[in-house]
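A.B. asks: Okay, here's what each chain looks like letter by letter:
There are 2 protein chains.
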Amino acid sequence: MKPTTLKDLSRHLSLSTSTISRALLNHKNIHPETRKRVLEAAEMLGYQPNTTALNLRYGKSKSIGLVVPEMVTPFSANVLKGIQAFLNNIGYKVIILVSDESPDTERDNLTLLERFNVDGIILNLCHETYNQALYAQIMERGTPIVFFDRIPGNALDVSKVIVNDHIQASLMAEHLISTGCKRIVHLMGPPTVRNATERAAGYQRILVKHGIFDPELMVKTHGTTFGHGKEAVKELLKKGIAFDSIFAFTDTLAIGAMNYLLEQGIRVPEEVAICSFSGTELSTSVFPQLSSVEQPLKEMGEAAARLLMDKIQDSSSDSRTLVLDAKLIYRGSTARGSGKH
Amino acid sequence: MKPTTLKDLSRHLSLSTSTISRALLNHKNIHPETRKRVLEAAEMLGYQPNTTALNLRYGKSKSIGLVVPEMVTPFSANVLKGIQAFLNNIGYKVIILVSDESPDTERDNLTLLERFNVDGIILNLCHETYNQALYAQIMERGTPIVFFDRIPGNALDVSKVIVNDHIQASLMAEHLISTGCKRIVHLMGPPTVRNATERAAGYQRILVKHGIFDPELMVKTHGTTFGHGKEAVKELLKKGIAFDSIFAFTDTLAIGAMNYLLEQGIRVPEEVAICSFSGTELSTSVFPQLSSVEQPLKEMGEAAARLLMDKIQDSSSDSRTLVLDAKLIYRGSTARGSGKH
DNA sequence: GTGAAAGCGCTAACAG
DNA sequence: CTGTTAGCGCTTTCAC
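As you go down the protein sequences, you meet chains D and W in turn. 6 is the number of the first residue of the first sequence in the working numbering; add one for each residue after it. 6 is the number of the first residue of the second sequence in the working numbering; add one for each residue after it.
No copy is singled out in the list; a pair is fine if it fits within one copy or between any two copies.
Lysine-lysine pairs mimicking BS3-like chemistry, simulated, CA-CA at most 27 Å apart: (1) Lys-244 / Lys-187; (2) Lys-65 / Lys-12; (3) Lys-67 / Lys-86.
If you're looking for bench data, these hints aren't it; they were derived computationally from the structure.
All chains, full assembly: derive it from the sequences and hints.
C.D. replies: What follows is the structure, encoded as structure tokens:
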């Protein structure tokens, strides 16, 4: 019932625990015959090393924390996959905590992870600056943090992985224009997260370039849920601002907006084309399916995990920023006959 | 840089580590003055107990595993919340692993968790019987398992938490009938999971009762994704089987089905009403919004965590089965004027 | 090639 | 009320 320990094997074979340990670890100075006996006994008695003891010995917890703003979309779950693909293999556990878009909850999560003695943290933050001091403290105390997706300001010297938001947002705007759209709304993300401003900038650059930029069409939202998308569009309609398409910061905003339009009997994409930036299964779960910028989420997770392990193994290693390539996927929500495509 | 230990405090205050430990743990026999000094020093030096050392001492890892079939819907994320609400407070970490609906992956996940020395496992399984022997082995080796949602056959004496599937499915069928539906399709879940058969039975019972049961309308699916829902409906249309409504095993099946119908120009709910069983935000992310049986997911998680802790604290404690109450939510996808409602 | 001993950080008898 | 000791399970000097 109780797990077999080295001591058990030691008694069983009349060998010292150090010899057993060496045999199991494939050390050089060990008699082949002895090793064989040890391996057999270990097999027979179902020996499994006690990870807690190992952790204590090596001064590691062999666990890392993953803190994400939300889990209602599969975004974080996909990133988690990448992280686990890399870390589980090398014996690392990952503990996921959700901040619900609240910087205060994020704070609690980080504190909890420190109490858990995690060896490192992978973080998709809620607010660019709010917890900046805390991030610095945690790293000072010896727990490296790697950021992805939503990253902090440049004040912090940290590793991070992002996508080429500006370019992809530009391309998406070009796509809408190429299908004949002239009054393109942008549903902005929170001004407190970097990629929201990046995407907005990409959008704006292209619209200006084509001489169709109108500040009225750049609409601030109060969050990133379905509800926020709906509210934003409702407001537009109420104000009587005309538009023929929407580019949203994120799938959830886009879907919220789209469903409200459909509810109002407005046809998508015929009357209003819609697209977004994200890359989750959500964009294919609606009708019409959403054109979207798909991010390589699993790769992002893997990259973040890799960067984190670099820091864990050598805390003085250089910080690195990885920019991954996202790609546009055209679907029904922007499929208008009139386009050049 | 290096964390403060008891030894550091001991040196600092010229007290033995045991006294320090006792002071920190609020033991009875300790001079108030001493305690005060210790607490102050601990505060000042930023002492944080080393959880790994504690774990070794107490023979626990203070972590549990959560194994779920999928994470593309927020189902598991909601359950996770409940689990964490209960467990994080008492210092427990939860490690989530996804089986991707594959019993073999589930196997790997369970094996990994054993290697991680988790103190217990909460499991939503992929297949009622496939890994039954493994579950038994793991429990025999001392790691309790608590099941929720999809539970194993009765051969295993385990704690579990479920909802009243049969009743709720019946009520949903009644609801469809009350809105005037007569040709009600059921998109079945996998025959290898208990609640799929329960829900199908509830559906069948009501349709038989009303004399409108037709075996042709009980359609087998080959999985639970959007794609599987689409395929099932496509097949129905191809065969020319008439129907005026669909009750799906799960949100994903329902949505896949609905979007295919919309694609074909079939109106929902006017021509075909749709509803499902689940309780995630997904049902409100589509248009029209899905009527659905909502499960108390967070409560399920909390209950499962509670049952697991019972087992962890006393391995000989009785197994218990908790049946929680789900509730019907009527939304646009079944809103037909013709009903009695 | 093997064993003895120390130590990772902490707690809990057992003595005083 | 406080200190000494042992031990959780494992690895790694240091001897032999």
